[in-house]
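Enquirer: The lines below spell out each chain.
2 protein chains.
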Amino acid sequence: MNALARPMRLGLFLQGAGHHVAGWRHPEAEFGGENLGLIQRIAATAEAGHFDLLFLADGLTTSADAHPSFVARLEPVALLSALAMSTRHIGLAATMSTTYTEPFHLARAFASLDHISGGRAAWNAVTTSYARSSANFMRGQHPSHDDRYAIAEEFIDVVRGLWDSFADDAFVKDKARGVYVEPGRVHTLSHQGRFFTVGGPLNVSRPPQGHPVIIQSGSSGPGQRLAARVGEIIFTAQQTQAEGQAFREGLHAQVREAGRDPGHVMVLPGVCPVIGGTEAEAKALYAQLQGGIDPAAAILLLNDRLGHDVSGYDLDGPLPDLPQSDQLQSRARLLTDLARRENLTLRELYYLVAGARGHRIVWGTPEQVADALEEWFRGGAADGFNIMPPFFPTQFERFVEDVVPILRRRGLVRGEYTGATLRDNLGLPRPPNRFFPG
Amino acid sequence: MNALARPMRLGLFLQGAGHHVAGWRHPEAEFGGENLGLIQRIAATAEAGHFDLLFLADGLTTSADAHPSFVARLEPVALLSALAMSTRHIGLAATMSTTYTEPFHLARAFASLDHISGGRAAWNAVTTSYARSSANFMRGQHPSHDDRYAIAEEFIDVVRGLWDSFADDAFVKDKARGVYVEPGRVHTLSHQGRFFTVGGPLNVSRPPQGHPVIIQSGSSGPGQRLAARVGEIIFTAQQTQAEGQAFREGLHAQVREAGRDPGHVMVLPGVCPVIGGTEAEAKALYAQLQGGIDPAAAILLLNDRLGHDVSGYDLDGPLPDLPQSDQLQSRARLLTDLARRENLTLRELYYLVAGARGHRIVWGTPEQVADALEEWFRGGAADGFNIMPPFFPTQFERFVEDVVPILRRRGLVRGEYTGATLRDNLGLPRPPNRFFPG
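Heads up: the protein sequence lines correspond to chains A and B, in order. Counting in our numbering, the first sequence runs from 133 upward without gaps. Counting in our numbering, the second sequence runs from 133 upward without gaps.
There may be inaccurate statements among the hints.
A pair counts as met if it fits within one copy or between any two copies, since identical chains are not told apart.
[Said to hold, decoys possible] Simulated crosslink set (DMTMM-like; lysine to aspartate or glutamate; CA at most 20 Å straight-line):
no. : residue 1 : residue 2
1   : Lys307    : Asp197
2   : Lys307    : Glu389
3   : Lys415    : Asp503
4   : Lys305    : Glu413
What the hints contain is simulated information worked out from the structure, not anything from laboratory work.
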């Protein structure tokens, strides 16, 4: 089974209180974004299921009425450094913003994680959508959607340049000659761009993977351009197979245009699997979860995803026409399309968003969940999935114990880790050093 | 032995290639600031010796001619998060700059480390001395020595305020009521000061220790004022017992003036112990280390510590009169005093600095090293020591295996960890929450 030409990739989108906004209220739910013991158990389960990635989202603001998973969460690189010690193979992906971080600090954090984990780090390079984040930082005004992407483009280039500060063989550590590092094998970046001036070199040696794997999660026009140029894993939120196929095809065209191999770019839509022993059981569980939603919290989540306040509108009427938001453009468009296509009322829409924040929800038996994943995968709508359990740990254990074996029997996923690093496991090339090629 | 009223505190100043600039060249030396396996072994040794702290310095620039320990080193919070997994009791102290970091990011990183380690985090709050660091960051011009301390004062207050964002009991996680966090137990800081505007709340719950332990390492006038107001461990570099006593007494007076208990402020001078089985062996080892020094590298280190280029002066003449530098004021003054007092030539001074960067070097048998530590401790010049082995791991193993048992027999150090958190172990109080007292 390890000879799969193109195995289905599986990420676990790890989130303290689960992905369903009311998931934590389920009797079986254990939770807490700061509950290290639980998180270690979940990571071990993911590794037992040969998942490719542990994926952590992040945010730079909080409030008492936020999604329970977002109120408090450990800093992702610190958490993944700890998880690197209790896992051996799984990739460790953290989200960090290009809008409110310094490229030097970020390059150093991910290079460190790559060293600590023996080459398993991945960086989800995001722009910060929420204007209120600016209140926590010195930079002043929140940049516009387009500027955020212009900043991200330059930021990522600086970070990749810093990762190439040292040749792979720079640290000769020659006791006899007294030469610790070869001066000629160190590069000073001296970057001066539109947004950043960064001298270098970075004070961490080149990461084991050359560069940590780059993940991109924005699907707007600028987001797709960025993904096509630098993304290796693309995390998306399509609701239908046709949308998924169209997105992946469009992205592949842009990837080729950028001179890259589409085989080195993997599209992973988020999926929230609600699993029951029978279809009726799964349906009942989904109903139970939906029943736990606080309507006031749900409407806040919907406002958040749309970038507009819709609480004044008739809840049993259609989604009103809204101008484009400067916030989450692509995610908002997918939701709007969904509401129009399915003729959803506002109330139906916000209940749906409360489930998995606009990501696809699949409820059913293990067979049915496996079918749903296989269909998208074989249909070219996805290279794999970022699994978003409604609550932890039992719903995720169910996925690993009951769904993964079905996928394995069908020859869709691997039954072992084949490489030493995340890049090896994903079949991604190790980037050459820009300054010390060959 | 656990009833010691005031045990001698021991920190291990962990540094990849050792503290002596040529230590890494010793045949027994293993090294690498990114060599996790070695670092884990050293941490285990420190814990076996019941050390209070693992201490990591840091810097935000590098160059090929830097001290080998500084050329490349992992980001300290990421490294300590990993070490938290392979240790159980020892405190985990990381240096992070108040000059080139955002208070929100820093507060979150250390709160996360405190959660991950079960209450063992400490923050060495430094200002960045080196103007060249500014080249790696957006903030533009490097602030002056006085401004750096004014920034640090405000920065630390913001960080402590952010740590108090949530009451200790804020996260009720009441499944029946559907209340994850009590809205009335969350505080929004809304800080607007001279240097920072930070909204809050922090998106991490209150650290187990309330606040991670605060370490302060500057000994200039502004540095001492800051230490007196907020420092709990003070890391210094005195060369003589009289200097140590005078510093500690002066600090205690300032601590009392600030309304704090001097018993809650521990002064730990750095000491580099060079240990041999006999006095002759220790002397030979020290000579061997000094013989490995590259004079060109040594003069760079001296320039660095003085904040002035002295390479044009006669190496066999005295230290020239130099104007006060804006860089490392207190460390430069200690060195200047030492050169004058001992009539050192420039060459002698730079050989001395190359040994332990201006920290005290003690060479001798285990008994002699223990004597030297005991004398300062009983003489009121220190509450303990930050141990700076010339190279790793054997010189540190020697300290733990041969010196620590002597200190224990003399009733100077503890033979066990008595508390659950670093504060407990150090006898430091848990700070009350500024916004939710009691």
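Enquirer: Take the hints in turn and mark each one as holding or not.
Expert: Hint check:
1. Lys307 / Asp197: between (59 Å within a copy, 15 Å between copies)
2. Lys307 / Glu389: Classified as neither: same-chain Cα gap 49 Å, cross-chain 51 Å, threshold 20 Å.
3. Lys415 / Asp503: Answer is within: at 16 Å inside a copy they meet the 20 Å cutoff, but 74 Å across does not.
4. Lys305 / Glu413: neither (62 Å within a copy, 26 Å between copies)
The structure shown violates the earlier hints numbered 2 and 4.
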